[in-house]
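Engineer: Each chain is listed here by its residues.
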Amino acid sequence: MNSDRIAISLDLINRHNQEPNRNRFESKYFWEELYPLLRASGFRSIEIPYEPVWQFGGRSGVPMNRYSIQTKYESAAKYRAMLAERGIDTVTGVTFDPNLFMRNANLDFFFGASGHFAGEALSHAADLGADYFAISPSPYYGRAAHYHPDLEAKRASFTERATELLRGLADKAAAAGVTLVLRNEYWSLFRGEQILPLIDALPDGVKLDVDTASLTIAGIAPAAFISAQQGRIGCVHLTDTDFVDAGETWKSPNPEFPAHRATQVFRDPGTGSVDLPAIVGLLDRLGYQGPIICSARQTRDPFRALLRTRAFLNQLPN
Amino acid sequence: MPNIRYANMSHWKTIPYRAIDNFRDFYYEDKTNTAYYSDWDTILKYQSALGFDGIEIAPWDLADILPLFGSPENFSAFAKDRGVEVIGMFHGAHASHAADHYDEAIRSGREAVDTIVKFGGSYMNTCPTQNYCGAGPLSREEVQQCAKVMNEIGQYATDHGVKIGLHNEFFCAINLPNHRELIESTDPRYVHYCLDTAQIAILGEDILTFYEDYHDRISTFHLKDTASANQPDSVRYSRDPEITDDGTRWFWEPGLGELDLQGLYRLLKKHEFKGWMSIEYDGSPDMLASMALTRYHLDKELRPIYD
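Protein sequence lines, in the order shown, are assigned to chains A and B. Each residue of the first sequence is one higher than the one before, counting from 1 in full-length UniProt numbering. Each residue of the second sequence is one higher than the one before, counting from 1 in full-length UniProt numbering.
Just chain A, with the same shape it has in the complex (with noise of 0.2 Å):
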């Protein structure tokens, strides 16, 4: 594979946990700085994790929404001429999780909140040419659950919202020319297969995404997963982990940071324990043509994990 045609995801830069020196994230130089060191890791092409919450409170310098962009750069397209100067070509897609609204009892504000943002960010995706825009149909069970401890009483009748929240942006996403992508990480209601009944709800074009170490956790092999579900993969995220959730992770409010035995969950690519080069070299052999997106999420470094990226990216053959 031609390990040139692989983005980088953004979300390698921690927006939200304290650590020092984080405060530069939310400046527009830091971000104008970062472009040129993408490229020279070797990426054209970007995603971006779309985030409604710096379109509160002023911190437009982080450049992860429809208005950030707009405060900063006018638009979307300037945004973008902005990037190529700085060697980068393409936005390859954006995503967006609903973890924001989840934050009281009222699901009304949840779906509502979420279904605007979501729509903002769909348009979002659009004017930046993405490919694709990939969203978690669902927030944190565990923070879901927090705020409805009847959640599994309220499955059926959450599920069925989703669906038709899915659908309304599936018709968007249609008319934008943009793919509609699920998300499944390890923390969803609908994580693992259990996805499956939920595109299957929804019209053909919306796709999957196929996230390697959300799939790994979950207990499924990625592999399989792949093979089995070929003809609707609509991404694929090369993410890795050593992480075993022996003990239903998954299910705590914060379940990225597991309460009982603090580890980092996402490794580097190419630091973990899972086969990203058989998986690459699966895509290949079934040639998919595809987005593929490395995400050094929860990296402790961003600029070694572009060089660790990149040096694993090399030992693929080409």
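Each hint should be verified, as a subset may be incorrect.
[As the list claims (entries may be wrong)] A few chain B positions that, by computed beta-carbon distances, are all more than 10 Å from chain A: (1) E184; (2) Y214; (3) R295.
[Said to hold, decoys possible] Derived DEER-like restraints, expressed as beta-carbon distance ranges: (4) A:L316 <-> B:V117: 56 to 66 Å; (5) B:D100 <-> A:A224: 49 to 59 Å; (6) A:N106 <-> B:S71: 11 to 21 Å; (7) A:E193 <-> B:G275: 54 to 64 Å; (8) B:R266 <-> A:N106: 48 to 58 Å.
[Stated by the list, open to error] Computed footprint of chain B on chain A; a stretch qualifies when at least three of its residues, placed anywhere within it, have a C-beta under 8 Å from a C-beta of chain B: (9) 6-20; (10) 27-38; (11) 53-62; (12) 248-256; (13) 262-268.
Just so you know, these hints were derived from the structure itself, not from any lab. Please read all numbers here as calculations on a predicted model, not as lab measurements. C-beta atoms are modelled at their ideal positions from N, C-alpha and C, and glycine is treated no differently.
Knowing the structure of chain A, use the given hints to seat chain B on it.
Structural biologist: Quick look at chain B alone, frame taken from chain A:
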């Protein structure tokens, strides 16, 4: 008992763990300092060790803190076990100047007071409305509407053992032309003032004159320094000026800016201020280093004047 007790306004970004039991293993995973900034147990120990006995919660942290600890009461008990008490929570009274937002502003303010009571806190430092850009300039009627909301929330807070303190940011719609008008339009029985030294200096107030004028309204402080006093309208009224594009910092640790904090402490002594002083480190690249530098400055420069 000293006249002044010290707290931190929490500007830690999301702290994902309550406590890390496998600290050494976690460190060895990638041999970085992540383990030192990832759990409340450690963060609160830093505070306690450096003599900051109180913490002011940020409302944007609630969505993480509450599921992590289960309830405000659990968080407060956890902090208390480590020598830190929750003194209150910040609150943004969004759109309180807008008459058609009155019910929502009151509901939201009361809800915040209720949350503070659950944490066992006593202070609700309140930004009276949102950014100037997009809302300003406010009419006289809008300033009065804002005062009406503050009085209403303040009365509810007082009834529940909480003091609300107006807290102005340098970029808010309540700004230099109407800052004092708002204070004087509120009821001193119910509405107090949190003096954020850097914010009002950037706004264009002289902090010593301001404290002299309003010392009887001051409920608490956000103490921080600045090297950027008296910013022009073009900066204060611009879109999203708090986080600068080039990384310029508005706020510095006490002693690293240009404010006359010794002069302020002499006035605290003159007016016999008693209460909590929160330190704020917004914009700091390293909260722990800022906390330690602040403690040094307090002990060597400010507490000898008035303690």
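Engineer: Hint numbers the structure violates, sorted upward?
Structural biologist: none
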